[in-house]
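Engineer: Just so you know, the sequences run in chain order A and B.
With the numbering used here applied, the first sequence corresponds to residues 70 to 181, in that order.
With the numbering used here applied, the second sequence corresponds to residues 10 to 119, in that order.
One thing to keep in mind: the hints can contain errors.
[As the list claims (entries may be wrong)] Far from chain B, some chain A residues (derived; all Cβ distances over 12 Å):
| id | residue |
| --- | --- |
| 1 | 73 |
| 2 | 84 |
| 3 | 108 |
| 4 | 167 |
| 5 | 168 |
[Claimed, not checked] A short, non-exhaustive set of chain A residues, derived as facing chain B with CB atoms under 8 Å:
| id | residue |
| --- | --- |
| 6 | 150 |
| 7 | 170 |
| 8 | 175 |
Don't read these hints as lab results, they were simulated from the structure.
Remember, predicted model here, so these are calculated numbers, not experimental data.
Just so you know, even glycine gets a beta-carbon here, dropped at the ideal spot from N, CA and C.
As a plain string of letters, each chain reads:
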Amino acid sequence: DGGITQSPKYLFRKEGQNVTLSCEQNLNHDAMYWYRQDPGQGLRLIYYSQIVNDFQKGDIAEGYSVSREKKESFPLTVTSAQKNPTAFYLCASSIDRNNEQFFGPGTRLTVL
Amino acid sequence: GQQVMQIPQYQHVQEGEDFTTYCNSSTTLSNIQWYKQRPGGHPVFLIQLVKSGEVKKQKRLTFQFGEAKKNSSLHITATQTTDVGTYFCAVSGGSYIPTFGRGTSLIVHP
Chain A
70 DGGITQSPKY LFRKEGQNVT LSCEQNLNHD AMYWYRQDPG QGLRLIYYSQ
120 IVNDFQKGDI AEGYSVSREK KESFPLTVTS AQKNPTAFYL CASSIDRNNE
170 QFFGPGTRLT VL
Chain B
10 GQQVMQIPQY QHVQEGEDFT TYCNSSTTLS NIQWYKQRPG GHPVFLIQLV
60 KSGEVKKQKR LTFQFGEAKK NSSLHITATQ TTDVGTYFCA VSGGSYIPTF
110 GRGTSLIVHP
């Protein structure tokens, strides 16, 4: 059963703590993306990766970091430097940047 | 990246009325994709348009790509409560990765 998974669905953290969100895909896609969604803001790109061991900053990368050591995995770390981390985080993958994106179910992060 | 304007931000309709959302760019696009996100869910791909003037239909949904490849529209005929959600366009041009519009939230009143 192919797809893209994110865990956990809900995550609570204290202010000042780093937190890592997982994203795994078994679609054999080269490209992977992380988006942040806030009410009324649409989808804002945090980081994207077009191939293993390579990634680029998106529009709102400050306070976030990623790694792409394996084709299947693209974890996102929300660091304490991110001023307003509470949001809905979506991971997606695609064959390449010109094709449709498949989204995971998302992780809703709340920083207390 | 690409800049894209999507309007309206919200649209309330009575069930059975039609609905249209528009996506506009100041630059020529390579392609445009449309996604739907149900409340509490994640975006799901609907369609991709590539050719100038292209029109595609999916049941009650009609998608158009402008002749100049700078704009697109999604039209829903005779809305149903199952159409509720936010509709996003995602545009790309040249070497850019797709950029998402802010979305149009459709609210259907029974």
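Engineer: Go through the hint on residue 150 (chain A) and say holds or violated, using the shortest Cβ distance to chain B against 8 Å.
Structural biologist: Check failed: Cβ of residue 150 (chain A) comes no nearer than 23 Å to chain B, outside 8 Å.
Engineer: Measuring Cβ to Cβ, find out whether residue 84 (chain A) lies farther than 12 Å from everything in chain B.
Structural biologist: Given a closest Cβ separation of 26 Å, the condition holds.
Engineer: Confirm or reject: residue 73 (chain A) is not an interface residue toward chain B, with every Cβ-Cβ distance exceeding 12 Å.
Structural biologist: The claim is violated: residue 73 (chain A) sits with its nearest Cβ about 9 Å from chain B, within 12 Å.
Engineer: The output says residue 167 (chain A) does not contact chain B. Does that hold with a beta carbon cutoff of 12 Å?
Structural biologist: violated (6 Å)
Engineer: Verify this label for me: residue 168 (chain A) is non-interface relative to chain B, using a Cβ-Cβ cutoff of 12 Å.
Structural biologist: violated (8 Å)
Engineer: With 8 Å as the cut and Cβ atoms as the points, is residue 175 (chain A) at the interface with chain B?
Structural biologist: Where the cut-off is 8 Å and the nearest Cβ of chain B is about 5 Å from residue 175 (chain A), the hint holds.
Engineer: Classify the label on residue 108 (chain A) as holds or violated, using whether its beta-carbon is more than 12 Å from each beta-carbon of chain B.
Structural biologist: violated (10 Å)
Engineer: Measuring from the C-beta of residue 170 (chain A) to each C-beta in chain B, is the shortest one below 8 Å?
Structural biologist: holds (7 Å)
Of the numbered hints stated above, those contradicted by the structure are hints 1, 3, 4, 5 and 6, listed in ascending order.
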